[in-house]
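Novice: Sequence:
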Amino acid sequence: MFVYFDNSATTKTLKKVNEEMLLMLEEDFGNPSSLHSMGLRAEKKLEFSRKTIAEAIGATPDEIYFTSGGTESSNLCITGYLTRNKHAGKKIITSSVEHPSVMSQFDYLKEKGFDVKVIPCTMEKGFDYDAFEKEVDSSVSLVSIMHVNNETGYIFDIKRIKKILKKKGSGALLHCDCVQSFMKIPFTVKELGADLISLSSHKINGPKGVGAAYIKKGTLLSPLSLGGGQEKGLRNGTENTVGIYGFGVAAAEHLKTLNEDIGKMKKVKEYLYEGFSKMDKTVVNTDMANSAPHILNVSFLGIRSEILLHTFEKKDIYVSSGSACSSNHSGKKKILEIMGCDRSVFDSAIRFSFDSFSSLEEAEYAFSVIKEEVEILRKRLRV
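If you're matching positions, the sequence shown starts at 19 in the numbering used here and goes up one per residue.
For the record, the hints were derived by calculation from the structure and aren't laboratory data.
One thing to keep in mind: the hints can contain errors.
Claimed, not checked - Only pairs whose alpha carbons sit at most 16 Å apart, straight line, appear in this in silico EDC-like list of lysine to aspartate or glutamate:
no. : residue 1 : residue 2
1   : LYS333    : GLU380
2   : LYS351    : ASP365
3   : LYS299    : GLU380
Said to hold, decoys possible - Restraint-style ranges between C-beta atoms, simulated for each label pair:
no. : residue 1 : residue 2 : range
4   : GLU324    : LYS177    : 34 to 40 Å
5   : GLY251    : THR28     : 27 to 33 Å
6   : LYS30     : ILE203    : 19 to 25 Å
7   : GLU331    : LYS69     : 39 to 45 Å
8   : SER240    : SER386    : 51 to 57 Å
9   : LEU43     : LYS152    : 52 to 58 Å
10  : GLU331    : SER240    : 29 to 35 Å
11  : LYS69     : ASP133    : 37 to 43 Å
12  : SER386    : THR275    : 27 to 33 Å
13  : GLY76     : LEU43     : 28 to 34 Å
14  : VAL302    : GLY189    : 36 to 42 Å
In this text, a Cβ means the ideal position worked out from N, Cα and C, and glycines have one as well.
Work the whole structure out from these sequences, hints included.
Specialist: As structure tokens, this is what we get:
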């Protein structure tokens with residue numbers, strides 16, 4: 019049986035998405051900036067996606083800007099805002115477990131003279147909201163905190179973070195990386211209280227190379243590149259209309275079955291949790307009471323993650339040893355290490371991540387194979 023449990027890295031595109039994108043490539047391939055009928059047809063499909071993404075998060079279409087993915091969206095939101103609003107202040111706050119697309123910007127901004135405050139997130143306490151509140155003052159210009167951690171599935175209380183900002187009378191803008199929560203946890207921009215949000219297509223069964231940024235109406239940003247004025251001048255360059263349309267179709271399809279999809283993912287996750295939690299020398303790193311329905315992080319003590327990953331792959335089970343965006347940077351600390359786990363835990367961690375295609379049958383097969391292979395490896399390695 020083929021089992022793909024690496025959906026936090028990327029997902030399989032929906033059949034409907036493939037069909038609609040192919041049709042557009044063959045028939046409605048005009049440039050949406052062109053004034054003739056083919057351009058207008060392409061523009062209509064682009065606007066369909068803008069309207070659909072907006073509807074999915076309770077925004078208005080004119081607050082949605084299309085990009086090449088979650089990384090560009092986060093760069094546009096963070097660097098774009100700070101570049102345009104230099105008067106807002108030099109103090110910026112983030113968490114210790116952000117995605118590289120956010121953390122790398124904060125490292126760069128620190129070099130440029132910004133006062134960067136990194137709030138710890140640990141296995142015991144989660145995000146330190148008290149430490150965050152102590153750092154909030156009138157000099158803070160921007161806060162960037164993810165909604166769901168991509169490796170553990172931990173859910174940050176964005177509403178609480180927004181309440182703290184209001185309580186302290188801070189005018190800081192709040193950016194939220196929602197790449198791992200979009201279509202996994204229902205939310206609206208009003209509920210979250212975020213001013214800026216990053217989204218990605220290929221995490222929700224859409225095509226790669228497409229993302230979106232929610233920018234609250236009235237918020238001024240500088241573009242990252244100059245060009246022909248597309249996306250109201252904030253994201254210049256001819257739009258990837260086919261990809262954007264695929265993103266919109268994927269979102270539209272998920273909106274029809276969102277609760278059902280979430281239920282399926284929860285069942286798969288709970289089944290594997292029950293099994294792994296009973297295995298010897300095995301640690302579940304995901305807080306089941308406060309985590310997204312599609313991510314389960316487990317350490318099989320005594321066996322390195324890379325050995326586990328390739329062993330499972332030989333049995334057609336595909337999982338991850340961490341974020342796909344940081345797996346090639348061996349010098350970087352792992353998220354579990356940053357959260358205070360022992361080396362034995364973070365060196366043997368595997369992330370299982372699910373989507374609407376994931377099934378209980380796959381989970382049953384995966385668990386039986388993994389249990390057997392782990393026992394074999396431990397005997398071989400004398401663990």
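Novice: Indicate, hint by hint, whether the structure satisfies it.
Specialist: Hints versus structure:
Our distance criterion of 16 Å between C-alpha atoms is met by LYS333 and GLU380, whose separation comes to about 12 Å. A C-alpha spacing of about 11 Å is found between LYS351 and ASP365, which places the hinted pair at or below 16 Å, so the restraint holds. Our distance criterion of 16 Å between C-alpha atoms is broken by LYS299 and GLU380, whose separation comes to about 23 Å. Between GLU324 and LYS177, the C-beta spacing of about 38 Å keeps the proposed range 34 to 40 Å intact.
In this structure, GLY251 and THR28 meet the distance hint of 27 to 33 Å, their C-beta atoms being roughly 30 Å apart. Taking 19 to 25 Å as the suggested C-beta distance range, the pair LYS30 and ILE203 conforms, at roughly 21 Å. The beta-carbon spacing between GLU331 and LYS69, approximately 40 Å, falls within the hinted interval of 39 to 45 Å. SER240 and SER386 have their C-beta atoms about 54 Å apart, which keeps the hinted 51 to 57 Å range intact.
For the pair LEU43 and LYS152, the beta carbons lie near 53 Å from each other, so the given range of 52 to 58 Å is met. Between GLU331 and SER240 the beta carbons are some 44 Å apart, a value that contradicts the proposed interval 29 to 35 Å. The beta-carbon spacing between LYS69 and ASP133, approximately 39 Å, falls within the hinted interval of 37 to 43 Å. The beta-carbon spacing between SER386 and THR275, approximately 29 Å, falls within the hinted interval of 27 to 33 Å.
At about 31 Å, the CB distance of GLY76 to LEU43 agrees with the hint of 28 to 34 Å. Distance hint check for VAL302 and GLY189: the Cβ-Cβ separation is about 41 Å, which falls inside the suggested range of 36 to 42 Å.
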